[in-house]
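> Chains A and B, in that order, are what the protein sequence lines are. My numbering puts the first residue of the first sequence at 1, with every later residue one more than the last. My numbering puts the first residue of the second sequence at 1001, with every later residue one more than the last.
Every clue listed holds true.
Here are the in silico distance ranges between beta carbons for each label pair:
(1) B:Asp1092 <-> A:Arg185: 27 to 37 Å
(2) A:Pro29 <-> B:Ala1146: 53 to 63 Å
(3) A:Gly166 <-> B:Ile1221: 41 to 51 Å
(4) A:Pro156 <-> B:Gly1032: 51 to 61 Å
(5) B:Val1182 <-> A:Ala184: 53 to 63 Å
(6) B:Asp1092 <-> A:His123: 27 to 37 Å
No lab work stands behind these hints: they were computed from the structure. Please read all numbers here as calculations on a predicted model, not as lab measurements. Glycine included, C-beta positions come from ideal geometry on N, C-alpha and C.
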Amino acid sequence: MPEPLIHAEHLSRFFGTVKAVDDLSLEVPAGIVFGFLGPNGAGKTTTIHLLLGLLDPTKGQARVLGFDTRTQAEAIRAQSGALLEFAGLYERMSAQDNLDLYGRIYRMPAPARRARIKELLTHLDLWDRRRDQVGTWSRGMKQKLAVARALLHHPPLVFLDEPTAGFDPIAAAALREDLASLVAREGVTVFLNTHNLSEAEKLCAQVGVIRQGKLVTVGAPDDLRARTGGPQAEVVGSGFTEQMLATLRERPEVAHAEVHNSHLLIELRGEGKMGPCVRLLVHAGAEVEEVRRGKASLEDVFLTLMEEEQR
Amino acid sequence: MNDIWTMMWKESKDLLFQGGWKALIRPVLLIGIMGIYLPLQFGLQWLALPLIELFVILWIPFFVIISFIGDAIAGERERHTLETLLASRISDRAILLGKVVVTVGYAWGLALGGLLLGLVLVNLFRGNGGGWMFYHPFDLFLEALALILVTCILGASAGVLVSLRTSTVRQAQQILSIGTVVLVFGGISALQALPAKFVASLTYAQFLLLVLAVFAVLDVILLGGSLVSFRRSRLIVS
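With the rest of the complex left out, here is chain A (with noise of 0.2 Å):
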């Protein structure tokens, strides 16, 4: 079984008396995009950091690209990208000399360095503006070019920390399309740091579900919904009593049933059959107009996973 790309043990840091990362232990397959999903201040960015070798742990360990991230983060760092918090680019230099400024930092040779630079801005759709200053770009655009920042030098792992956070859901969704289209065709591993779960669930192969340092959960989405909820139906009408809803709870295969907007929700269990509730809400007298059968969201499996926690 080939070696994973990142496996980190027992992974812990703490600055004081705040632990902002608690004993996380997380293997990421190569070829993947791994969406690390938690609410601000959980520990995502100090995870990438560690991951980075930019910060040595307070406990335990980690192996990033086969490299100790205490002992030989220089070469994590030279066969990784990174889009970190904020885009990090220089807008006074021009899009083609930020770029350029990293393919030589990556040691990349000129000819090779100008051919990718290209072939990236032109994929990207900034080639024509290649040579304006990139302050005078919207936050799109530099977002854009920081991915192809991050890309430039064929890394096999990229890390990705929130690189939608801020946009309007039109300026997301393209940055979301570009870097999807990006990653298949470079078929890079993406560490990829979001608090945005349709994000995830678009990009994603694998997730984990770090809160308050600590890791809650790691799968593909598909197995995390399956563990947190089972299989759901919203049933759209009318004339859905309370006593109506008391009797459907008691049924076996109904997990839980709640009016919400004068939609009927019903969480199932296992096979999760809507035959039964259906007849038992028309025999009652409800006005049944549509009944739609659907899984949970990861938003709802992320926010049954917090709510856990917290209790």
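Place chain B on chain A using the hints.
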């Protein structure tokens, strides 16, 4: 060495020569003061490098250094470019030395340009015929160049050390301004503390050599201190 060149390339693009032709206004203005205005005031005496001339030629590049160097680390931090740079493969030493070399080279180059332009101008305006005159004695000219260099390195290494510990460029520049005042008055006090007989026994060249030696020692201490203080883990947390 490659990495230091890379940082020097970046610093020259980002800090010194950004903004196209407008970036040339600053150096042209300063070389104009050092190479045209002052030599015309001093006349032939300019070529003898009197103490007052040397003080001005030291002060201008030093002033340039302390106004630029505060930006070295604090500026990168303020503009949120430091974290990305630290997350790359470039070494701590290359980041620091690249910044110091470019800033020192820029300021020292301005002083050299001013001295050479002044030399040409004084000779052109001499008007009484005769051969071409150079700075004299020549050893003193070399000492002056070395003194300007160590003064620039002093400003740059102190500046980097301050810049590493401050969160904004303004804060760094304020500390450096106060530091300059302390350096000047501390230097005067130190000179006064020396035995008068010893000071009187020194020739002008020997006096400059003494200052040069003291500054060189301070350079080693401050530059060494900067290299030791430059720690990724500390910078990333701050």
